[in-house]
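Colleague: Since the structure of chain A is provided, determine the placement of chain B on it from the hints.
So the protein sequences, as listed, match chains A and B.
If you're matching positions, the first sequence starts at 5 in my numbering and goes up one per residue.
If you're matching positions, the second sequence starts at 11 in my numbering and goes up one per residue.
It is worth saying that the hints were derived from the structure and are not from the lab.
The structure presented is a predicted model; accordingly, all values stated were derived computationally and were not measured.
Even for Gly, the Cβ is constructed at its ideal location relative to N, Cα and C.
It is possible that part of the hints are untrue.
[Claimed, not checked] Derived Cβ-Cβ restraints for the label pairs, each shown as a range: (1) A:Ser240 - B:Thr367: 49 to 59 angstroms; (2) A:Asp325 - B:Ala370: 27 to 37 angstroms; (3) A:Gly267 - B:Ala139: 31 to 41 angstroms; (4) B:Ala370 - A:Ser240: 35 to 45 angstroms; (5) A:Arg364 - B:Ala312: 50 to 60 angstroms; (6) B:Val504 - A:Glu47: 52 to 62 angstroms; (7) B:Gly430 - A:Tyr358: 36 to 46 angstroms.
[As the list claims (entries may be wrong)] Below 20 angstroms or equal to it, Euclidean Cα-Cα: the simulated EDC-like pairs (lysine to aspartate or glutamate) are: (8) B:Lys134 - A:Glu375; (9) B:Lys137 - A:Asp208; (10) A:Lys343 - B:Glu333; (11) A:Lys112 - A:Asp367; (12) A:Lys292 - A:Glu213; (13) A:Lys154 - B:Glu296; (14) B:Lys71 - A:Glu213; (15) A:Lys292 - A:Asp208.
Each chain is listed here by its residues.
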Amino acid sequence: MNDISFLQHYWWFLVSLLGALLVFLMFVQGGQSLIWTLGRTEEHRRMLLLATGRKWELTFTTLVTFGGAFFASFPLFYSTSFGGAYWVWILILLCFVLQAVSYEFQLKRSNLLGMNTYRVFLFLNGVLGPLLIGTAVGTFFTGAEFVVDKLAVTNPAMPVISRWANPLHGLEAALVPQNLLLGLSVFLLTRLLACLYFLGCMADTGLRETCRRRLWMEGAFFLLFFLTWLGYWLTSTGMGYMADGLVYPVQHKYLNNLVAMPGVTSVLLLGVVLVLAGLVLGLSGWRKAFWLAGPGSVLVVLALLLCAGWNHTAYYPSVVDEQSSLTIANSSSSLFTLKTMTVVSFLIPFVLAYIAWAWRALDKKPITADEV
Amino acid sequence: MDAIDSSLVDWSRAQFALTAMYHWIFVPLTLGLGVVMAIMETLYVRTGREFWKQTARFWMKLFGINFAMGVATGIILEFEFGTNWSNYSWFVGDIFGAPLAIEGIVAFFMESTFIAIMYFGWNKVSKGAHLATTWLTIIGATLSAWWILVANAWMQYPVGMEFNPDTVRNEMVDFAAVALSPVAVVKFCHTVTSSWVLGAMFVVGVSCWYLLRDRHTDFARASIRVACWFGLVAALLTAHTGHQSGRDIALHQPMKLAAAEGLYEGGTSQGLVLGGLLTPGVNWAEPTTEERFLFHLDMPYALSFLATHEWNGYVPGIRNILEGGYPLPEGGVALSAEEKMQRGRTAIAALATYRTTRDAAEKQAALETLRANFDCFGYGYLQSPADLVPNVPLTFYSFRIMVILGGYFLALFAGLLLFGRYIMRWKWALLGIALTTPLAWLASQAGWGVAEVGRQPWAIQGLLPNVAAISRLDVGSVQTTFFIFLGLFTLLLVAEVSIMARAIATGPETDKTAA
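In isolation and in its complexed conformation, chain A is listed as follows (with noise of 0.2 angstroms):
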């Protein structure tokens, strides 16, 4: 607990463990995107939306927590992606504004705006969500435009420290190809598990066929999509970083990372296995295959993100200035406040408890026509 390198490594798998969570707790956004698609009458719909209803709340805590988690112990990421890439992350927070109201609003009356109007809402979330975070996440390995510098402080006509050096403000991300393939891949893959999702807790046969054939043309996509980014992740070149602090780039860093820490490469190999059996499974038609993807997803976004910070990796890399790279090291709170953290982090497999318990309180008669 006094070594402030197993506490930043710690609060790294922390940070990629939420934001596993959130990933695979998109099936929400995922579901919300499928809207029309696969409820084809209005009572269909309904249904679609009572199941992911009952659900989207945990998925925005992930997010807020996620946010809070990273504030707590990386700082220095806060202030820097957030106050510079400001367009990405306010747009992000608009679709989840959005997200907040519509399930609530949507079927009450004299709501205003009308229901079509809140689903359209949903949908946008459920579009834009999923893709922007995905973006977002794509510059954990291509990198953004910015500058730290800490002697700023001490100009008081400009003491900011952090500086964005393009003028799109994040926006400039989606410009980058192998960013948008991994948005398009965290699009495709909340639908994928949306589809798994429903087949499970659905009790309409009808209902269930529709979002089992869905599955062809979601995992067919998102495995095209995955891929090509996977081969462009391993081939790509990353930066490292010195006991010193200094900061280099390293061919095949990612690559290099798997090979390093094998236990990592075990939990990915893993994940990709769960999530292609959970598909397979699902095609079949067993209801139960959302319990294999989705965990899969967990396994496979975690190693992803451990693979970004560990391994003496910057997580953050700057492509205008590589010494103002952020890495685990140089980006995260102190050893006291680390260490305080950790003893609150004690709670969180409690808190998972009382989640499954209102998981399973909520899920365990399918969803009827009736109870909508």
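Modeller: Showing chain B alone in chain A's frame:
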């Protein structure tokens, strides 16, 4: 951009204020109404009467409509610390991030998990388990408020940290001092109990409207009874914690107290301004021959007593704080604003030397200079002593609105409990109560006005002014997002009010059950 554009600071402040004010329309109702509905569900479980179940479910329906908007505006607030106040996020993120993370892990998950059971679980879990989830939802919301208010209190009274010149930031050294700071405890109690008042007032107002229309009368009378007891206790606690809060302000933020009182020239045996009108257009940072009040009514000695617990205690005014030389409560004599600014500039220059020099002796000397002057570090970013004076009229009037309305709610709850049987027959009284319900929001917003406007120019009291806390953005981006948020939140607020009005017009289903 070689220097900070002052309009960037203004627009960043405006955006944060806008988001916070919208957020605070919904949060106090969540905290207050949540307890009322949980009490009603408890009555249902204890008595087994369907009437209480339908009563609880009705208030729960309104709670849910409101809750969604609180969540929607809350997420923006958390991330705005990064998007618009990035330098702040680095300079104190080591301390400030922890409460936000703990809020997510400990409180927000509890709230968001159990609210799903509360709404969808009526026929899926037992009565007792459902009641537990209702209470856990509101406990989660209240815990969430605790951690957010710990973070806010720390900005007003920074404790438990040390500046680290190697990382150029403040670092936490005492978590208990941050989490259990007396200012945080008082702020939490005052904010939550005042939210309970708002929740109780909402229930009373809606119920009075039903009585006025002669609809759902059993439901309305029962709701008024529960809400008035709850509101009365809450209003008394709010008054008590408000007094403690005033004492904290006197000790740690004397400029805020001076602004709230319109006190330019301080002294001993100071009276509390009960009411008055400030002379428009007066410059509060400069001496003037003009009268600062058009008229005012004072309670003699009361301000001295509030601030020092002595009838003849010394309370500094704005001029005294700017010019210094008055005795400090903790001993010693106050420095002038100019002296503090000079010491702040010395501290900043010493930090620059410490960071750049390679000479060990010079580094050590710079470190000692920095430490000796660090208590004035934030003053080094200010341009003039006048920057230290907040908006006096806004702080002054906000304070009076909050206190006067607090007194009205206290009297109303007590009056309804004592004379309810008569008052509930008078149509004009019921109409008056229903129409004054929105004043609860006005009082709540005014309270935050005092807290936040009164502490300007500081993001963190004495340590970091707003001008040094912002993100390096172009003004146009912040203006654009300001108007996007303004438009979106206003649209959604109108939608929420419309939905809530419809739900209230429809009413509860208690008429189908025996009262």
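Colleague: Tell me the hint numbers this structure goes against, listed in increasing order.
Modeller: Hints 1, 6, 9, 10, 11, 13, 14 are the ones this structure does not satisfy, whereas the remaining hints hold.
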